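A.B. asks: One letter stands for each residue in the lines below.
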Amino acid sequence: MFGEGLLKGMAETARNFLGSYVSKDRLTTVQFPEERVAPIEASRNFPFLVYDGKDWQQGMRCVSCLICEKECPPKCIFIEKSTDKKPDATGKPQFYPAVFNIDVSVCMSCQICVEVCPFDAIKMDVAFELSTDNRFDDLLWDKQRLAKSNEYYGKIHPTEAAAVDAQLAEGRAKLEAKSKVTTEAKAVGAAVPSAQTVSGATE
Amino acid sequence: MPETIDQIFVIVKHWLLGYVPVEVQPLFSALLSVVPILVVFPLLFAITTLLERKGLGRIQNRYGPNRTGPYGLLQPIADAVKSLTKEDVVPNTADEVVHFLAPLLLVSAALLAYAVLPVGRNMIVANLNAGVLFFFAVGSLVELAVFMAGWSSRNKYSLLGAMRAIAQMISYEVPLVLASIVVIMAAGSLSTVAIVKAQAGYAGIWPHWFVFTPWGFAGFVLFMIAATAESNRSPFDLPEGESEIIAGYYIEYSGFKFALFFLGEYLGMFATSGMAITLFLGGWAAPFSFLTWVPSYFWFFSKLLVLIAGFIWVRGTLPRLRMDQLMNFAWRFMLPMALLNIFIAGVWHFMPAGLSRWLVCIILVAAPCILLSRGLKKEKKLQVRTYRFAE
Numbered sequence: 001m002f003g004e005g006l007l008k009g010m011a012e013t014a015r016n017f018l019g020s021y022v023s024k025d026r027l028t029t030v031q032f033p034e035e036r037v038a039p040i041e042a043s044r045n046f047p048f049l050v051y052d053g054k055d056w057q058q059g060m061r062c063v064s065c066l067i068c069e070k071e072c073p074p075k076c077i078f079i080e081k082s083t084d085k086k087p088d089a090t091g092k093p094q095f096y097p098a099v100f101n102i103d104v105s106v107c108m109s110c111q112i113c114v115e116v117c118p119f120d121a122i123k124m125d126v127a128f129e130l131s132t133d134n135r136f137d138d139l140l141w142d143k144q145r146l147a148k149s150n151e152y153y154g155k156i157h158p159t160e161a162a163a164v165d166a167q168l169a170e171g172r173a174k175l176e177a178k179s180k181v182t183t184e185a186k187a188v189g190a191a192v193p194s195a196q197t198v199s200g201a202t203e
Numbered sequence: 001m002p003e004t005i006d007q008i009f010v011i012v013k014h015w016l017l018g019y020v021p022v023e024v025q026p027l028f029s030a031l032l033s034v035v036p037i038l039v040v041f042p043l044l045f046a047i048t049t050l051l052e053r054k055g056l057g058r059i060q061n062r063y064g065p066n067r068t069g070p071y072g073l074l075q076p077i078a079d080a081v082k083s084l085t086k087e088d089v090v091p092n093t094a095d096e097v098v099h100f101l102a103p104l105l106l107v108s109a110a111l112l113a114y115a116v117l118p119v120g121r122n123m124i125v126a127n128l129n130a131g132v133l134f135f136f137a138v139g140s141l142v143e144l145a146v147f148m149a150g151w152s153s154r155n156k157y158s159l160l161g162a163m164r165a166i167a168q169m170i171s172y173e174v175p176l177v178l179a180s181i182v183v184i185m186a187a188g189s190l191s192t193v194a195i196v197k198a199q200a201g202y203a204g205i206w207p208h209w210f211v212f213t214p215w216g217f218a219g220f221v222l223f224m225i226a227a228t229a230e231s232n233r234s235p236f237d238l239p240e241g242e243s244e245i246i247a248g249y250y251i252e253y254s255g256f257k258f259a260l261f262f263l264g265e266y267l268g269m270f271a272t273s274g275m276a277i278t279l280f281l282g283g284w285a286a287p288f289s290f291l292t293w294v295p296s297y298f299w300f301f302s303k304l305l306v307l308i309a310g311f312i313w314v315r316g317t318l319p320r321l322r323m324d325q326l327m328n329f330a331w332r333f334m335l336p337m338a339l340l341n342i343f344i345a346g347v348w349h350f351m352p353a354g355l356s357r358w359l360v361c362i363i364l365v366a367a368p369c370i371l372l373s374r375g376l377k378k379e380k381k382l383q384v385r386t387y388r389f390a391e
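So the protein lines, in turn, are chains S and D.
Per full-length UniProt numbering, the first sequence starts with residue 1, numbered consecutively.
Per full-length UniProt numbering, the second sequence starts with residue 1, numbered consecutively.
In the BS3-like style, the derived pairs of lysine-lysine whose C-alpha atoms are separated by at most 27 Å in a straight line are:
1) Lys8/S / Lys377/D
2) Lys92/S / Lys148/S
3) Lys378/D / Lys8/S
4) Lys24/S / Lys54/D
5) Lys81/S / Lys148/S
6) Lys8/S / Lys54/D
Hints are computed from structural coordinates only; laboratory data are not their basis.
Since we're looking at a predicted model, the values are computed, not measured.
Model the full assembly from the supplied sequences, consistent with the hints where possible.
C.D. replies: Pasting the structure below:
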């Protein structure tokens with residue numbers, strides 16, 4: 001019959017209208033600044049630079065290899081490589097970014113910089129309230145503003161961070177074992193040539 | 001005492017007129033009639049925007065605006081300040097004069113229609129003998145304003161949007177006028193005051209409104225559907241169709257001119273609703289005989305608010321029609337039904353009062369309605385669509 005579907009639809013909206021005053025759980029709105037939903041782990045918004053330890057400058061993992069700058073599709077990363085080396089968190093001397101800027105207004109949150117980084121130095125943040133009242137200054141974030149601790153990373157992406165930490169620890173352990181082997185080999189090597197020379201001398 | 005409250009505005013007006021010299025009294029009298037309309041209806045527009053957003057929110061299980069002021073009550077003021085402070089952009093190639101005049105004409109045309117609306121007992125700006133005719137004549141000025149807006153923008157989209165809007169408005173103006181003819185036949189007058197008077201009186205506690213007759217009910221439904229289309233409201237809001245053509249004829253308008261278009265649209269909606277109340281719902285008369293002590297203007301405005309709530313409800317429920325659906329509906333359903341309704345009103349007039357006349361008229365309304373809608377439905381056969389260029 002004519003108009004039956006219309007009446008059904010009207011009844012449905014009337015039920016919604018009245019029901020939203022009666023039962024609170026019909027209302028799906030989250031009143032944002034006061035109420036917030038729990039952050040979703042897989043969400044990502046804008047990259048940040050991870051540092052280990054307490055000092056953001058010393059602990060920064062970035063060695064300014066410039067891969068992320070080259071890979072960035074909208075070209076929003078600007079890096080200036082340092083001329084000298086400084087010891088990183090583990091004490092190893094490394095290059096460091098003298099300047100590391102990301103333009104918030106250009107970034108498209110593609111996560112490619114994170115995927116290409118061989119040092120797990122750049123990761124995606126979940127912070128989304130990036131608006132500012134200054135169009136030209138506050139949108140270019142410098143090294144200090146981008147630096148966030150590894151603990152923070154562990155907090156926003158627990159699963160991912162745990163995997164990264166395990167991988168890094170494994171790598172460091174391997175490196176240590178290797179360096180131990182090389183130092184031992186060096187020690188052995190130091191002994192062997194002398195023996196050879198000795199034997200050579202005897203022959 | 002109830003009479004004093006009922007006539008309070010009329011008494012105040014006469015009391016104020018006593019203080020001005022006789023020569024300027026006609027001018028002053030007109031001013032005192034017009035200014036309240038210029039204040040009340042735009043104010044009603046502001047309130048409606050808030051109520052509409054809140055109502056639509058609730059229909060979609062949201063809160064609606066609740067940030068500005070207590071319960072979001074200051075939202076209209078915030079909207080007004082925003083639209084006033086926005087930059088007024090006029091296209092370089094636009095016809096500046098026409099571009100500027102279009103929104104003004106739209107609003108003034110909508111406001112002119114209020115001249116013949118009796119908002120209460122003895123409360124009418126101009127009691128014209130051809131009030132209904134004046135109303136529809138002024139209402140069609142809106143079409144001109146819409147075309148001025150679309151054409152003067154010098155933009156193909158706005159021109160197409162305007163043509164589309166006019167095609168719709170003219171199509172629905174026909175059933176709108178035809179639906180109101182039955183009332184003019186019954187009341188025997190084109191004067192809005194006389195039409196309200198024709199519906200005065202009660203049978204027991206029930207009023208003699210035209211909507212409580214078969215032809216009156218059909219006429220009311222047809223009138224309201226056509227009024228929805230006339231004021232470009234959902235589901236007939238193709239002229240603005242945000243998701244398809246952005247903003248149709250007012251695409252090149254910004255700032256307060258844009259707000260004026262909305263004001264004009266809402267004023268038009270209030271005016272046609274007011275006309276529907278006058279024609280079918282007994283104007284300012286009380287709905288029951290024991291409620292006649294309540295002031296007449298109260299009844300007019302509560303009926304108006306009920307109709308607006310209906311508009312909002314429909315807007316929250318129905319999706320937008322397609323252009324062909326819209327035109328088919330106007331020309332193949334609304335128009336035959338409206339023409340038939342005139343015949344039914346005639347049958348009602350010439351048959352002796354009693355049950356038989358009710359029965360005959362109800363059958364005469366219902367049968368064509370069902371047959372027409374069935375017939376139109378049968379034609380719509382779903383078929384496999386072939387996309388020539390997309391494959």
